[in-house]
Amino acid sequence: MISQLVILWTDALVFLLLLFATLFGIYASRKAHLRGPWRQVVRNKVGVGTLVVLSFYLVVALLDSVHFHPMLDRAELKGADATQSVEVISLFDRLVEGLRERQEKTYSAPLATRLYAKENIELPDGRVIRDFPRLTYGGAHLTDPDSERLPDILRLSAIGIIKGLVVSLAVANVLIMLLAMRSGRSFGAQGRAVLRGATEIPWKTVFYTLALMLMLIFWSAELAAKYHLLGTDKVGEDVFYQALKSIRTGLLIGTLTTLVMLPAAILLGIMAGYFRGWVDDIIQYTYTTLNSIPGVLLIAAAILMLQIYMSNHADEFNSLVERADLRLLFLVIILGVTSWTGLCRLLRGETLKLREMDYVQAATAFGVSNLKIIGRHILPNVLHIVLIAVILDFSGLVLAEAVLSYVNIGVDPTMNSWGNMINSARLEMAREPIVWWSLAAAMIFMFSLVLAANLFSDVVRDAFDPRLRGSR
Amino acid sequence: MTAYIIRRILYAIPILLGVNILTFVLFFVVNSPDDMARMNLGMKRVTPAAIENWKHERGYDLPLLFNESASGTGRITETIFFQKSLKLFRFDFGSSDSGRDIGYDISQRMWPSLAIAVPVLLVGLLVNITFALLIAFFRATYIDFWGVVLCVILMSISGLFYIIGGQYLVSKLLHLVPISGYDTGLGSVKFLILPVIIGVIGGIGAGTRWYRTLFLEEINKDYVRTARAKGLSEAVVLFRHVLKNAMIPILTGVVVVLPLLFMGSLITESFFGIPGLGSYTIDAINSQDFAIVRSMVFLGSVLYILGLLLTDISYTLVDPRVRLS
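Here the protein sequences come in this chain order: A and B. Here this note's numbering is used: the first residue of the first sequence is 1, the next is one more, and so on. Here this note's numbering is used: the first residue of the second sequence is 1, the next is one more, and so on.
Quick caveat, the hints were computed from the structure, so don't treat them as lab data. Keep in mind it's a predicted model, so treat the numbers as computed, not measured. Cβ atoms here follow ideal geometry from the backbone N, Cα and C, with glycine treated the same way. Hints are not guaranteed to be accurate.
Label pairs and their computed distance ranges (CB to CB) [claimed, not checked]:
(1) A:Lys234 - B:Asn286: 19 to 25 Å
(2) B:Phe91 - A:Lys105: 50 to 56 Å
(3) A:Tyr27 - B:Thr77: 53 to 59 Å
(4) A:Asp465 - B:Asp101: 38 to 44 Å
(5) A:Leu23 - B:Lys172: 51 to 57 Å
(6) A:Ile26 - B:Gly273: 35 to 41 Å
(7) B:Lys172 - A:Asn173: 37 to 43 Å
Here are the computed lysine-lysine pairs in the BS3-like style, where the Cα-Cα straight-line distance is at most 25 Å [claimed, not checked]:
(8) A:Lys234 - A:Lys118
(9) B:Lys55 - A:Lys353
(10) A:Lys118 - A:Lys105
(11) A:Lys234 - B:Lys172
(12) B:Lys230 - B:Lys190
(13) B:Lys190 - B:Lys172
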């Protein structure tokens, strides 16, 4: 099925980030001072619960980051040479193919069977009446939608929730079995320990969150297959699909921005603190200058310039997807430029403190080179600051994307993002009856991601910040 | 003190120059004035004469850095860099790409911005500190726990939602105040109430949490223990001692944002149709008026640096231990 992979810039960076994260995980698991705090994170109920939620978001984003040209159906080919479509879709699109392809004419409310606006309908006997027409796909399996809709929805919901329960029970059983094998206890004893909350890692919370997420997923899958779970937008696209696709954009902006800014922030911050003197002056001058420009204006200026460049060099971009992707990349870079200064200043301060430590002084006295001192003694000791900053920044960046898109300086208007969804839904608030579902969908998805990230970052900060340790 | 302030102002000059050079590179070097003209006049079928005309009207037809055709100081002054960038230091913003006087526009639009930003700051401060003190008073109880959880939830909601939701609930369903618009004088009050309330609510989550940590940090200090030891009630300890000492970080945190209040709030102003500097900036971005964006970048940097300076000065005023050198 997958024919030709298309690697977009941001895709490459996402997987690079994943690689870095894995490497860091391996590194951290070998160092006691990094392993300790992480252990504290996974022993915290809020910590593991949010981790489960975040990992679902992450899986969707990763699946959505594998792009390819789909093969055309053999039946559709009539002697044509090309076996590939020019359109670029992702693995995730394949998974939810139905959602992507079932387009209605225009707005329809969540789980509706009829369009939002009245139209002229021709009856079989030739008369023309004005009524809400049936949807092409939403609830198309019903013969009499007005009486059958509610029982059908309830039936599908029940099926979905039961499926979710069964799957989560199965997963829980497998996990308990693995745990039992590792600890050498019997299956029953391990299960009771988990339910009592007597395990080191709060597995009970993990299972509850997992069950909740799985039930939600199966419930929505069951309903989304027959209806438009969150309605359709102006051109009839499924809002649920849009909201799911926006996960990638949100996560990318939240994570890649940090990846882009990290090298500069770490390098310059440590250099400024370690070498002091004129190096420090120059670096301080640079970040004060950048910091003094209001972030939104710098982003606006840069994006405006990019727009001019893109419209003057329109032929350099092969497809809309590539163009949107490049704009996303650029946005991430420029967001990175405006946000690295805070971390840089923190690292400078910490390095100033560290370089006076006895072990650094001793290393200097032994004639160890500056590069080695930084790599061996300074960098490992500021890594926790970097980590906290990265995780703390995430939720702010996700929220910032929505605001930037509202001002038209965010991601490309053709790209699915929560900001674009809100932006286009804003104009529909004046309609009667009100079209609220796009807005609500974007808000719910964004809220749950940001809330999970906020709670998670609190746990991580408490675990890593030595000042707070023991105070709670 | 005076010497310190003068030195700080002198230190600001290279920073502003840096900002200037950065915006100059962004606006004139990355894309030439020709590109901008084509963008503004529409992409298709623009005659070179029309581009020249557009550039000439706005003074973009000069060389970037060095004018060979001029004589004397004109070689430096008759350039885009001098005319468009360096003149900002005199707060001479010139005219926008659509021909309006930017300096005059800014002086007019400043007041509506302040009319929203100042009440939001003051009311927000009052509300946040009250909540934070309350939470700190009941620390390590369920009130504390759920208070913090509520803060995190409030923080996780996008600011856009507060605005859209507030407008829908208050203006459209309840018809209490107009949805958007602005009026001069006292008539503006009915337009300002909703944005101010929404601004305050939007800031409660982050603000209360921040002040709570400040208070908790103070509560663990020795002087608090002494105050308790001599038999003061918890309320007196909190309001007399902790609040007073926590005022130092609170005050400096407020002072640093004071100058930036002039810039207004981009989103609030454009949603509520208030003719302040925030909506001015958004309109400029949407109509791609680069002269205005450039001026606002410069103004923002000046105000930011002013904020830093004021913070340092206010430190010495509230905390006698800090000496400026």
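Given the hinted pair Lys118 of chain A and Lys105 of chain A, is their Cα-Cα distance within 25 Å?
holds, 12 Å
Do Lys172 of chain B and Asn173 of chain A keep their Cβ atoms within the hinted range of 37 to 43 Å?
violated, 51 Å
I want to verify a distance hint. Is the separation of the beta carbons of Ile26 of chain A and Gly273 of chain B within 35 to 41 Å?
At 54 Å between Cβs, range violated.
Does the Cβ pair Phe91 of chain B, Lys105 of chain A satisfy 50 to 56 Å?
Roughly 55 Å apart at Cβ, these two residues keep to the hinted range, so it holds.
Tyr27 of chain A paired with Thr77 of chain B, Cβ distance criterion 53 to 59 Å
holds, 57 Å
The hint says 19 to 25 Å between Lys234 of chain A and Asn286 of chain B; measuring C-beta to C-beta, is that right?
holds, 21 Å
Would the pair Lys234 of chain A and Lys172 of chain B pass a check requiring their Cα atoms to be no farther apart than 25 Å?
This hinted pair holds, its Cα atoms lying about 22 Å apart.
Within a Cα-Cα threshold of 25 Å, do Lys234 of chain A and Lys118 of chain A meet the stated pairing?
holds, 14 Å
Does the alpha-carbon distance linking Lys230 of chain B and Lys190 of chain B stay inside the 25 Å limit?
violated, 51 Å
CA of Lys190 of chain B to CA of Lys172 of chain B, is that 25 Å or under?
Given that 25 Å is the threshold and the Cα spacing comes to 15 Å, the pair holds.
Whether the CB-CB distance between Leu23 of chain A and Lys172 of chain B falls inside 51 to 57 Å:
holds, 52 Å
At the C-beta level, are Asp465 of chain A and Asp101 of chain B separated by a distance inside 38 to 44 Å?
Roughly 51 Å apart at Cβ, these two residues miss the hinted range, so it is violated.
Hint compliance for this structure: hints 4, 6, 7, 9, 12 are broken, all remaining hints hold.
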